[in-house]
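> Here's the letter readout for the chains.
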Amino acid sequence: MTKEQFDLTEEEKEKIRSFLDHAATVFSKNQSNLIPALQAAQNKIGYLPTVVMEGIAELLGIPSVDVYSVVTFYNQFRLNPPGRHSIRVCMGTACHVGGGQIILDAWRRRLNIDKRQTTPDREFDLDTVACVGCCSMAPVTIINNEVHGKISPTRVDGILLQYQIAKEKEENR
Amino acid sequence: MSPDIASTFEQIRERAHSQWEQLFKGDKPVITVGTATCGRAAGALDVLNTIRKQLEAEHLDIPVIEVGCMGHCYAEPLVAIFKPGGGYPPLLYGYVTPEIAELLVRDYILGEDPCLEFLLGALEPNEIVPSIYDLPRFAYEKPILLENCGRIDPTKIDHYIAHNGYSGLAKALQTNPESIIGEIEKSGLRGRGGAGFPTGKKWQLCRNAEAKPKYIVCNADEGDPGAFMDRSILESDPHSVIEGLIIAGYAVGAGSGYIYVRAEYPLANERAKAALDQARDLNLIGNNILGSDFSFDLQIFQGSGAFVCGEETALIASIEGKPGLPSYRPPFPANEGLFGKPTTINNVKTLASVPRIIERGAEWYSGIGTEKTKGTAVFALAGKIVNTGLTEVPMGTSLRDVIFSIGSGIPGGKKFKAVQIGGPSGGCLPESELDRPIDFDSLREAGSMMGSGGMVVLDEDDCMVDMARYFLEFTQGESCGKCTPCRLGTRQMLEILNSITKGEAGIEVLDTLKNLAMDIKESALCNLGKTAPNPVLTTLRYFRDEYEAHINEKRCPARSCYNLMAYYIVPAKCQKSCDACVGTCTVEAIYQGKTGAKVIDQSKCVKCNTCMEACPPEYNAITKISPLSELPEALPPLEVKKNED
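Going down the list, the protein sequences come from chains A and B.
Our numbering numbers the first residue of the first sequence as 1 and each following residue consecutively.
Our numbering numbers the first residue of the second sequence as 1 and each following residue consecutively.
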């Protein structure tokens, strides 16, 4: 794993540098620090580029293949950059019964991407979660860590329109 | 040293008590807003901000307190107003919007009108207004684990202490570990993670182990889709879990512990972290707790989204920084667990029961529940049920009471079909099993499982084959891949189920499916694999006719399987001048037919159900049809004459 799948932006490179410097002071050479370190990295950078995984491996004194195996085992870790807005469609039991698949289809159709993908303009990324425990509000979509309950395909259109209007306002400013 | 502990704790308790009294027994009104995850999803934060802003604008210094989840998730956001001298008991309002919140402040806080039209019920039995205890569900419920939830501020340790919090710990520290284990054993407490192993026995095994140090872990990796009890307890009453952990640590002789929380629960993480800091400040965690010679430290470990980590050996691997693969038992974690040392792993609800048992005595606890399963069961009610939310009932309550008396049955006058208990490891039980009293053993007998307590109610619109397929898809995706029966067996089962829901399978697959399921159940390494076939086995047992309809008639009885159903507009019912469906269709698949009635272009339709919701109920013209062979031929489009001018 030497080549990055995505080109790193200057901002990302800076974040990576500062994360790795900081991590060296916080995490001791111990495999039990691996998951907390990866979580900290993803919180800061947004995803786990190859250089970060290699940096963490070196820091903790473990083979980089062990880092890769942990990253790919857990659902939380992502290997591609997040969009500006993250969209997580809940696929828990209650949401499934309430039409979760229909909601996922609606997002896929509108954003024109599949789950675990990012739109080419890096504006949105789409993924599913197993259950966020808001079953009483099913079907649920989590946008930027905010839970939206009782979603319908028309709400999907409405939410996207809101973001589009906000973006246009921002650009006109 | 005993009097020391007692007097140290008494000081802490008195201070907490006076703080609580000052807040709630003073002459000032108090407003509480439920802001657990479910409340937030319903807009509780907007309500909270509206109230705060308005109080500020009126220059009123009235405390607004964020509390947890009361279990009435269906009526979120919930606001309670305590107004001493107002002539009313504390009042609880449901379905509060920012606009209603404004009214409440204006009319009740500033004025004298308690706005009874928005009332859910009074929080205390009284002579003036109906209280929430008059609701039918309270005849069945028995809140023990949830008793503080939604009543105290989870970010304030004093609130917990004022409600007898940490007095179980103070009591425990004045006796020896053996008698605590004895007390827990006597109480009959069984592990609430799903398997129901006696907790006292588990602790004794770990205490007997010779190696040191020992660890204690709280399993809050609530991964079952459809379950949110553990989240709610951690968000609404985190100290009860922490107190349980400290007592457990003292009993088994552990010096440190972990709370393993799911990453998908950011608020629970945050609240647990804050609670740990507060407990540390009061020396309830740390060196020489309350002046005793017991020292104990706790930290939070954030899981990273793997269902299999709810399995204890996988959870241990995960804390050690490895992929969460389960391992063979024995050795059991009680002898060789975390970092190879003796480890006790308990579920959130098990640990939250512990302080109450120590404080009130084993006999009190063993007086609740059935002969073999003591205490209460917490269920998360979701799916097709009127009162979604949390409920806590004594073991032995029947499923019917939980669903129809507490949950108020199925919305929209639909017919009950099945209840799914225990998440992907559990099973679907039909109407005929509803009078079964709930406990670990009776549910297992019926082919289901207590699991951690998710209860999803299904109605006539839900396809049981698709339910089984859905759960298997979940477990298949979460299978860690270590053992062959689970890795390959569940995949094979899933492929069969997929072909059934598409109407492509022959009747012989049902035998294959059953054989595979039995083999996996017997040979998989861990409980994820062993229980994965349960949803399939129970639906085959109770709903075989639905499987047969899919296969023989290519018909989905619930008309929900994507490939076997279609939406159809009944021309005779369509009100021709209405355009509701055309306007809402997300893919522009609806056109006006030759007679003026609307028609769905099946080649474009994505079956998103939007038109069905949009069609005004007085026309009710849209229906679902299965099998597809019964779909009438579509009308050609209406020819519109062009204006010639």
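In case anyone wonders, no lab produced these hints; they're calculated from the structure.
Among the hints, erroneous ones may be present.
What the hints assert, rightly or not - Between beta-carbon pairs, the in silico distance windows are:
#  : chain 1 : residue 1 : chain 2 : residue 2 : range
1  : B       : N620      : A       : R108      : 23 to 31 Å
2  : B       : S18       : A       : E168      : 54 to 62 Å
3  : A       : D157      : B       : D107      : 50 to 58 Å
4  : A       : Y163      : B       : G361      : 52 to 60 Å
5  : B       : K201      : A       : Q164      : 31 to 39 Å
6  : A       : K115      : B       : G481      : 19 to 27 Å
7  : A       : G158      : B       : A274      : 46 to 54 Å
8  : A       : R108      : B       : D107      : 29 to 37 Å
9  : A       : T119      : B       : V570      : 23 to 31 Å
10 : A       : G158      : B       : H17       : 27 to 35 Å
11 : A       : T119      : B       : V606      : 39 to 47 Å
As the list claims (entries may be wrong) - With a straight-line Cα cutoff of 20 Å, these simulated SDA-like cross-link-like pairs (lysine to any residue) come out:
#  : chain 1 : residue 1 : chain 2 : residue 2
12 : B       : K171      : B       : N269
13 : A       : K44       : B       : N269
14 : B       : K212      : A       : S32
By construction, the Cβ of each residue, glycine as well, lies at the ideal position given by its N, Cα and C atoms.
> Checked against the structure, which of the hints given earlier come out wrong?
As far as the earlier hints go, 3, 5, 7, 8, 9, 10, 11, 12 are violated by this structure, in ascending order.
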